[in-house]
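Asker: One line per chain: the protein sequences are H and D, in this order.
If you want the numbering used here, it's the position in the first sequence, counting the first as 1, plus 5.
If you want the numbering used here, it's the position in the second sequence, counting the first as 1, plus 1085.
There's no promise every hint is true.
Unchecked claim - Which chain H residues face chain D? A few, computed with CB under 8 Å, are given here:
hint, residue
1, T161
2, L162
3, T170
4, A177
5, N290
Unchecked claim - Not close to chain H: a few residues of chain D, all C-beta gaps over 12 Å, as computed:
hint, residue
6, L1199
7, G1212
8, G1222
9, H1238
10, F1353
11, A1375
12, V1389
Hints are computed from structural coordinates only; laboratory data are not their basis.
Heads up, the beta-carbon is just placed ideally off N, CA and C, and yes, glycines get one too.
One-letter residues, chain by chain:
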Amino acid sequence: MKSISSFAIAALALLACEGDHDGGFVDEAVELAFEARVADLPFACGQTYTGLGNDGGSGTPQDFRFYVYDVRLVTDAGEEHPVDLDDDGVYQGGGVAMLDFEDGTGACNNGTAALHTTLKGTVRAQPRHGSGEAGYSEIRFRIGMPEEQNHADLTTLPAPLNDTTMSWTWNAGHIFFAAWGVFGGANPFDLGVHVGSTGCTGDAVAGEVVACSNANRPEIALAGFDHDTSTIVVDWGALFADLSLTAPSAACDVASSCACHSFDPEPLCTPLFAPLGLEWSSGENVAGQSLFRVQ
Amino acid sequence: MGRAGLILVALLGACAAPQDEYEWSLGEGLPVPLVPEDNPMSDAKVELGRHLFYDRRLSGNQTQSCASCHLQKFAFTDGLAVAEGSTGEMTPRNSMSLANVAYSTTLTWANPLLLDLEQQMLVPLFGAEPVELGLRGLEDELLVRLHDVPRYHALFAAAFPDEADPISLHNVTRAIACFERSLLSGDSAYDRFVAGDAAAISESAKRGAQLFSGEKLECFHCHAGFNFQDSVTYEGKPPHNGLFHNTGLYNIDGKGAYPPGNTGLHEFTGSFADMGRFRVPTLRNIAVTAPYMHDGSIATLDEVLDHYAAGGRTIAEGPYAGVGSDNPFKSFFIRGFELSAQERADVLAFLESLTDEHFLTDPELADPWPMP
Chain H
6 MKSISSFAIA
16 ALALLACEGD
26 HDGGFVDEAV
36 ELAFEARVAD
46 LPFACGQTYT
56 GLGNDGGSGT
66 PQDFRFYVYD
76 VRLVTDAGEE
86 HPVDLDDDGV
96 YQGGGVAMLD
106 FEDGTGACNN
116 GTAALHTTLK
126 GTVRAQPRHG
136 SGEAGYSEIR
146 FRIGMPEEQN
156 HADLTTLPAP
166 LNDTTMSWTW
176 NAGHIFFAAW
186 GVFGGANPFD
196 LGVHVGSTGC
206 TGDAVAGEVV
216 ACSNANRPEI
226 ALAGFDHDTS
236 TIVVDWGALF
246 ADLSLTAPSA
256 ACDVASSCAC
266 HSFDPEPLCT
276 PLFAPLGLEW
286 SSGENVAGQS
296 LFRVQ
Chain D
1086 MGRAGLILVA
1096 LLGACAAPQD
1106 EYEWSLGEGL
1116 PVPLVPEDNP
1126 MSDAKVELGR
1136 HLFYDRRLSG
1146 NQTQSCASCH
1156 LQKFAFTDGL
1166 AVAEGSTGEM
1176 TPRNSMSLAN
1186 VAYSTTLTWA
1196 NPLLLDLEQQ
1206 MLVPLFGAEP
1216 VELGLRGLED
1226 ELLVRLHDVP
1236 RYHALFAAAF
1246 PDEADPISLH
1256 NVTRAIACFE
1266 RSLLSGDSAY
1276 DRFVAGDAAA
1286 ISESAKRGAQ
1296 LFSGEKLECF
1306 HCHAGFNFQD
1316 SVTYEGKPPH
1326 NGLFHNTGLY
1336 NIDGKGAYPP
1346 GNTGLHEFTG
1356 SFADMGRFRV
1366 PTLRNIAVTA
1376 PYMHDGSIAT
1386 LDEVLDHYAA
1396 GGRTIAEGPY
1406 AGVGSDNPFK
1416 SFFIRGFELS
1426 AQERADVLAF
1436 LESLTDEHFL
1446 TDPELADPWP
1456 MP
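All chains should be built: construct the whole structure from the sequences, respecting the hints.
Answerer: Okay, here's the thing in structure tokens:
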């Protein structure tokens, strides 16, 4: 009896490894392409864009990078299949990837020439409880990284989590999402957003950060996505859609700079968080993200 | 084996195991600091850390080192109201003394998240708001610079003998943390007085110590214990985190507001009740660490006493005008008091007796690099 049940388990395990029989899915290498734009134009450092903001301002990019993790492809039946991101030692590692759209030219002169616009990984055949008939039709991912990686010692983390330009040392974490630009035409001013967790409290006895009141991790869900043919467009200009860009707003005068560093000021953070589908005061996800679309 | 034999074996074991047991300079009675389990102290790491602490290669443009804002003669502060970073940006706050930083449960003026030095130093090294040492994005270049210095090959190898390639950012932060934990100040005149030398401090300073520790001035509640700081930990005393206090230094809107960008614990928690709450600094060597307060806004110890005697500072005009004593978030120990001229002189004499001349001049803590 005992030997029979062992055999049965082994047979089941074999079946699980085959993977493509009952659900129609197999572990599959995927490349998920992103493309940065400003409205319908390609995003490029050094380029000046017009018609931005709520007052038709102009601007040129300074930075556009963010972390993504928890990537899933979703079936018609709503089943989520995790995508395990490859480790490339530079832009992907530890289950997290950095998407980097700035090439170090123009006003992006604090950046680097290298880009990373395609996520490489393997979508898991499991779970496969769906109909087995249709393919994947939606992609979901989160911006940022898991809490335990966010607050770990930078010097012990793998790339891309050890990038000091995306570290938020004073807040003991990472900048999840950075988008910056120079606006205002003849009287230029910098404006941008750094999104990261805020309201964090640590447990000194355990020597670790335990919780942040505002996680600020956007969950992005994009329907109508075919992982073989679709591109995910991410619109740098859409981030600034609800801000005055011809001249600095009043909120810029009270802050040390014209920027939302997630903590404050409210008049800048609320409109800069909304396009990411984040409600600033709570850090919770709400409907209506306007940054990402499927092409 | 008999009992004596067992004891002999135990003794041999005790002697043989930790050959590089680190010897703390505990002065007249400092407790033994706690250190992170993954970064034990060693003389070799302290020596490497001292070289790094004083090395201008640790700034982006190679104009500053840690020691540029933490000078030994000022008890590892810089004598400025607020510090200037390597690219000319001003920090919002006053450089804190590193004397006895090993005991502090939290680091910097108000951050509740920075619990160890290995983590904290990433702020001056890589921070961009403001730029301090300005190494953001230059960590690979830093390691190239260190590789180019022959002395570092020997220092890193001695400090991290089990590693094939020890010149890493991880080890840079560990070595500097070890050096900082070695910055122990426990040999002031007051320490010698407490240890039994009745002549070590003046009669005036003795009266000042009584006033300091009395319920009239209330100083000792927050400036508590051997380090004159409530938020300390050491062997036998677990850390008690979360000790931050509003002393009524500002009250801009009448509702407790502090100047923007310098709101203390509030910056991290978002809770308005945390407005103006800062960590207690040690009073050791306080006479050489002027100017005072988190923003360096009080020039002398005499004026600091004015602030506390008034139960909070009143600023008559300007953007930060307000009656600090009415700040609704003020610590209830800041109640105000009256001092006679003699009493004031006594308190100042006591504070001056906390200066540790050996600490300020000890060559073991000084710049190890040859003069250019």
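Asker: If a hint holds in the structure, say so; if it doesn't, say that too.
Answerer: Taking the hints in turn, this is what the structure says about them:
1. Annotation: H:T161 was flagged as interfacial toward chain D, and the flag holds, the nearest CB pair being 6 Å apart, inside 8 Å.
2. Interface hint status for H:L162: violated, as the beta-carbon distance to the closest one in chain D is roughly 10 Å, over 8 Å.
3. For H:T170, the interface hint holds, since its Cβ comes within 8 Å of a Cβ in chain D; the closest pair sits about 4 Å apart.
4. Interface hint status for H:A177: upheld, as the beta-carbon distance to the closest one in chain D is roughly 4 Å, under 8 Å.
5. Against a cut-off of 8 Å between C-beta atoms, the interface hint on H:N290 is violated, since the closest Cβ of chain D lies about 19 Å away.
6. Some Cβ of chain H comes within 12 Å of the Cβ of D:L1199; the nearest lies about 6 Å off, and the non-interface call is violated.
7. Non-interface status of D:G1212 relative to chain H is broken: a Cβ of that chain comes within 12 Å, the nearest being about 5 Å off.
8. D:G1222, annotated as away from the interface, has a beta carbon of chain H within 12 Å; the closest lies near 4 Å.
9. Under the 12 Å C-beta cut-off, the non-interface status given to D:H1238 relative to chain H holds; the minimum distance is some 20 Å.
10. With a least CB separation of 7 Å from chain H, D:F1353 falls inside the 12 Å interface cut-off, contrary to its annotation.
11. D:A1375, annotated as away from the interface, keeps every beta carbon of chain H farther than 12 Å; the closest lies near 25 Å.
12. For D:V1389, the shortest C-beta to C-beta distance to chain H comes to about 27 Å, beyond the 12 Å cut-off, and the non-interface label holds.
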